[in-house]
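A.B. asks: Line by line, the protein sequences are chains G and X. If you count the first sequence from 1, you need to add 633 to reach my numbering. If you count the second sequence from 1, you need to add 124 to reach my numbering.
Some hints here could point you the wrong way.
Not everything, but these chain X residues come out facing chain G in the computed CB check (under 10 Å) [stated by the list, open to error]:
1) Leu156
2) Ala191
3) Val192
4) Ala194
Dumping the calculated DSS-like pairs for lysine-lysine here, alpha-carbon to alpha-carbon at most 30 Å [what the hints assert, rightly or not]:
5) Lys229(X) x Lys725(G)
6) Lys145(X) x Lys169(X)
7) Lys784(G) x Lys158(X)
8) Lys158(X) x Lys678(G)
9) Lys224(X) x Lys725(G)
10) Lys173(X) x Lys687(G)
11) Lys681(G) x Lys229(X)
These are calculated hints, taken from the structure and not from any lab test. Just so you know, these numbers come straight off a predicted model, no measurement behind them. Note that beta-carbon positions come from the ideal geometry of N, C-alpha and C, so glycine has one too.
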Amino acid sequence: MSVQFNTQNIRRRDVLALAGTGVVAVSSIGLFAGDAMADPAAVAKAIKDRIGGKKSMAGNITLELPQIAENGNTVPIAVEVESPMSSSDYVKAVHIYAEGNPAPDVATFRFTPDSGRARVSTRMRMIKSQNIVAVAEMSNGKVHMVKNAVKVTIGGCGG
Amino acid sequence: MAKARVKAPKSVKKGEVFEVKTLISHKMETGLRKNKKTGKKIPRKIINKFSVTYGGKEVFGSDWHPAVSANPYVSFFVKASASGPMKFQWTEDGGAVTEKTVNIKVT
Numbered sequence: 634m635s636v637q638f639n640t641q642n643i644r645r646r647d648v649l650a651l652a653g654t655g656v657v658a659v660s661s662i663g664l665f666a667g668d669a670m671a672d673p674a675a676v677a678k679a680i681k682d683r684i685g686g687k688k689s690m691a692g693n694i695t696l697e698l699p700q701i702a703e704n705g706n707t708v709p710i711a712v713e714v715e716s717p718m719s720s721s722d723y724v725k726a727v728h729i730y731a732e733g734n735p736a737p738d739v740a741t742f743r744f745t746p747d748s749g750r751a752r753v754s755t756r757m758r759m760i761k762s763q764n765i766v767a768v769a770e771m772s773n774g775k776v777h778m779v780k781n782a783v784k785v786t787i788g789g790c791g792g
Numbered sequence: 125m126a127k128a129r130v131k132a133p134k135s136v137k138k139g140e141v142f143e144v145k146t147l148i149s150h151k152m153e154t155g156l157r158k159n160k161k162t163g164k165k166i167p168r169k170i171i172n173k174f175s176v177t178y179g180g181k182e183v184f185g186s187d188w189h190p191a192v193s194a195n196p197y198v199s200f201f202v203k204a205s206a207s208g209p210m211k212f213q214w215t216e217d218g219g220a221v222t223e224k225t226v227n228i229k230v231t
């Protein structure tokens with residue numbers, strides 16, 4: 634369901650009342666009229682703009698997300714990158730992207746050898762079920778990438 | 125602008141890697157919502173930058189987009205080098221800055 638992201642002020646009861654009539658879909662389209670939505674291609678482009686032509690590798694990066702998020706307004710997310718975090722070998726930055734939100738970018742986190750450990754936890758918004766992508770840029774120029782799917786339900790409706 | 129909270133250990137051993145948790149109250153208005161009465165878009169107002177300095181250097185920095193939840197929470201790690209202030213800065217769209225400083229005691 635796509636009403637989570639932009640309708641914080643709509644009460645659950647209203648949403649439930651609308652759900653049977655299909656108005657939810659119409660109203661959420663109306664709210665986003667004129668706004669492009671992100672998709673996997675937009676995320677791929679955002680990543681390419683960020684890291685250039687470098688090839689990304691799997692592994693060394695873990696993305697912690699719930700499989701099912703009941704409340705898309707605040708979904709806990711954590712990224713950890715394996716690295717010695719020494720002055721010669723450390724994680725420079727971690728970028729998070731969402732394939733199904735109105736915009737692909739979520740956040741960028743920059744680390745230094747003084748971070749000691751390349752791990753960050755935060756909370757993000759998800760308008761609907763989608764894939765989340767995390768990209769780690771290492772000091773040696775390597776890029777690691779991971780993708781996880783999250784299913785977003787309206788709290789309490791199950792799914 | 126907003127009320128910020130930081131949780132860090134009272135004292136740490138030199139070289140120890142410790143976790144710092146931060147929370148700031150902020151609506152993180154996405155710019156996509158509409159005022160239900162007027163139909164007009166509510167302008168975007170989010171915290172777009174959060175950075176942490178310790179020992180005179182930036183040890184953790186971040187750029188945020190509207191997909192970061194309201195009342196942003198972030199936790200991260202820092203390696204203890206020397207006793208001193210750790211400064212946190214949240215920068216809002218328009219340039220307003222909320223600052224908070226905690227003292228890190230390294231033993």
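A.B. asks: Tell me, which hint numbers fail for this structure?
C.D. replies: The structure conflicts with hint 11 only, although it agrees with all the remaining ones.
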